[in-house]
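Produce the complete structure using the sequences and hints provided.
The primary structure of each chain is shown beneath.
There are 2 protein chains.
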Amino acid sequence: MARVVVDVMLKPEILDPQGKAVHGALPRLGVSGVVDVRQGKRFELEVDELSDERLAQIHDIAEKLLSNPVIEDYRVHVEEQA
Amino acid sequence: MARVVVDVMLKPEILDPQGKAVHGALPRLGVSGVVDVRQGKRFELEVDELSDERLAQIHDIAEKLLSNPVIEDYRVHVEEQA
Chain A
1 MARVVVDVML KPEILDPQGK AVHGALPRLG VSGVVDVRQG KRFELEVDEL
51 SDERLAQIHD IAEKLLSNPV IEDYRVHVEE QA
Chain B
83 MARVVVDVML KPEILDPQGK AVHGALPRLG VSGVVDVRQG KRFELEVDEL
133 SDERLAQIHD IAEKLLSNPV IEDYRVHVEE QA
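In the order they appear, the protein sequences are chains A and B. Numbering-wise, our numbering puts 32 at position 32 of the first sequence, and it's gapless, one number per residue. Numbering-wise, our numbering puts 83 at position 1 of the second sequence, and it's gapless, one number per residue.
Be aware that a few hints might be false.
So these bits of chain A aren't anywhere near chain B, every CB distance computed over 12 Å [said to hold, decoys possible]:
1. 9
2. 13
3. 15
4. 57
5. 69
6. 70
Only pairs whose alpha carbons sit at most 20 Å apart, straight line, appear in this in silico SDA-like list of lysine to any residue [as the list claims (entries may be wrong)]:
7. B:93 - B:135
8. A:11 - B:93
9. A:11 - A:28
10. B:146 - A:28
11. B:93 - A:42
The set of hints was computed from the structure by calculation and includes no laboratory data. Cβ atoms here follow ideal geometry from the backbone N, Cα and C, with glycine treated the same way.
What follows is the structure in structure tokens.
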């Protein structure tokens, strides 16, 4: 068993109102020094067996199912199990 | 400048309908071998200067603002800049 993580974030040039809302709330909570906040999605896929072919399939669904490539970037990485 | 990442995921015992929906779509896309999918949130905080105090503050907002500790777990890590 392996865990593959797909992180999906809005492209830097796309406005992120959720991130802005979090950023705007920080001073009220007494937190300073945070310059920017971006909010995105994280998918954790538990895979029974890791192979190059399976990783290629996951890249494929990251692009077609999990993200919108017009406005979002994705990153796939394999997470070491604790 | 440093980037601090907060990952927020539903606790394992909490049902995750979004993850289930993604999981259910995989066979239709010809992907097999994925046992489970969980969907969560990823926050990227750009911080002007990293200190122990700032990291403690970020842990604090991760618990109070970014997650719901009743149903979600969070993890804070500092990301190396490329």
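Status of each hint after checking the structure:
{"no.": "1", "hint": "9", "verdict": "violated (7 Å)"}
{"no.": "2", "hint": "13", "verdict": "holds (15 Å)"}
{"no.": "3", "hint": "15", "verdict": "holds (15 Å)"}
{"no.": "4", "hint": "57", "verdict": "violated (5 Å)"}
{"no.": "5", "hint": "69", "verdict": "holds (16 Å)"}
{"no.": "6", "hint": "70", "verdict": "holds (19 Å)"}
{"no.": "7", "hint": "B:93 - B:135", "verdict": "violated (27 Å)"}
{"no.": "8", "hint": "A:11 - B:93", "verdict": "violated (28 Å)"}
{"no.": "9", "hint": "A:11 - A:28", "verdict": "violated (27 Å)"}
{"no.": "10", "hint": "B:146 - A:28", "verdict": "holds (12 Å)"}
{"no.": "11", "hint": "B:93 - A:42", "verdict": "holds (14 Å)"}
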